[in-house]
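**Student:** Sequence:
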Amino acid sequence: MSATIADIYRCYIACLNAQDWLSLSRFVTADVEHNGRSFGLAGYRAMLEEDFRQIPDLAFRLDLLIEDTPIIGARLAFDCRPTGLFLGLPVYGRRVSFTENVFYEFRGAKIARVWSVVDKAAIEAQLA
Numbered sequence: 020m021s022a023t024i025a026d027i028y029r030c031y032i033a034c035l036n037a038q039d040w041l042s043l044s045r046f047v048t049a050d051v052e053h054n055g056r057s058f059g060l061a062g063y064r065a066m067l068e069e070d071f072r073q074i075p076d077l078a079f080r081l082d083l084l085i086e087d088t089p090i091i092g093a094r095l096a097f098d099c100r101p102t103g104l105f106l107g108l109p110v111y112g113r114r115v116s117f118t119e120n121v122f123y124e125f126r127g128a129k130i131a132r133v134w135s136v137v138d139k140a141a142i143e144a145q146l147a
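According to this note's numbering, the stretch in the sequence shown is residues 20 to 147, in order.
Keep in mind that the hints are not guaranteed to be accurate.
Said to hold, decoys possible - Label-pair ranges, simulated between beta-carbon atoms:
| # | residue 1 | residue 2 | range |
| --- | --- | --- | --- |
| 1 | W134 | P109 | 24 to 30 Å |
| 2 | G59 | A147 | 36 to 42 Å |
| 3 | A96 | L41 | 34 to 40 Å |
| 4 | A33 | L108 | 38 to 44 Å |
| 5 | A131 | Y111 | 15 to 21 Å |
| 6 | P89 | R113 | 26 to 32 Å |
| 7 | L104 | T23 | 36 to 42 Å |
| 8 | S21 | S116 | 33 to 39 Å |
| 9 | G112 | W134 | 28 to 34 Å |
| 10 | D98 | T23 | 15 to 21 Å |
| 11 | D138 | A37 | 20 to 26 Å |
| 12 | Y111 | A22 | 20 to 26 Å |
| 13 | V136 | D98 | 32 to 38 Å |
| 14 | D98 | R45 | 25 to 31 Å |
Everything labelled a hint here was simulated from the structure, so no lab data went into it.
Glycine is no exception: its CB is placed at the ideal position from the N, C-alpha and C atoms.
Go ahead and model the full structure; you've got the sequences and the hints to work with.
**Tutor:** What follows is the structure, encoded as structure tokens:
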């Protein structure tokens, strides 16, 4: 039985949580786009590495997953302590919980385009 894009996506999330950057190319195309910008694999990896630098306890938790090949829709849940400014907000090590709604377009068995929106209002409310 061949893997579905949902199966591949779950492996991608495990790759992110393990910070296994050498394996990222198994899941993401060389010309990947993020929110309409052409990042390429190196830029996408750099973005993720920076996320983990800013948030040492970052963990991607899959809260909801919908598959409509070649698209995956996901709601990711986070509970973490960003070390400094996060999304322009003065978090500085405070624990915050928030979600990210994200769509992925697959080309074959790899992610080619990503559209993501973080619930910044949830973080703002926790900091108020």
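**Student:** Take the hints in turn and mark each one as holding or not.
**Tutor:** Against the structure, the hints:
no. : hint                       : result
1   : W134 with P109: 24 to 30 Å : holds, 27 Å
2   : G59 with A147: 36 to 42 Å  : holds, 38 Å
3   : A96 with L41: 34 to 40 Å   : violated, 26 Å
4   : A33 with L108: 38 to 44 Å  : violated, 28 Å
5   : A131 with Y111: 15 to 21 Å : violated, 36 Å
6   : P89 with R113: 26 to 32 Å  : violated, 38 Å
7   : L104 with T23: 36 to 42 Å  : holds, 38 Å
8   : S21 with S116: 33 to 39 Å  : holds, 36 Å
9   : G112 with W134: 28 to 34 Å : holds, 30 Å
10  : D98 with T23: 15 to 21 Å   : violated, 28 Å
11  : D138 with A37: 20 to 26 Å  : holds, 25 Å
12  : Y111 with A22: 20 to 26 Å  : violated, 41 Å
13  : V136 with D98: 32 to 38 Å  : violated, 18 Å
14  : D98 with R45: 25 to 31 Å   : holds, 27 Å
Violated hints, listed in ascending order, are 3, 4, 5, 6, 10, 12 and 13; each of the other numbered hints is respected by the structure.
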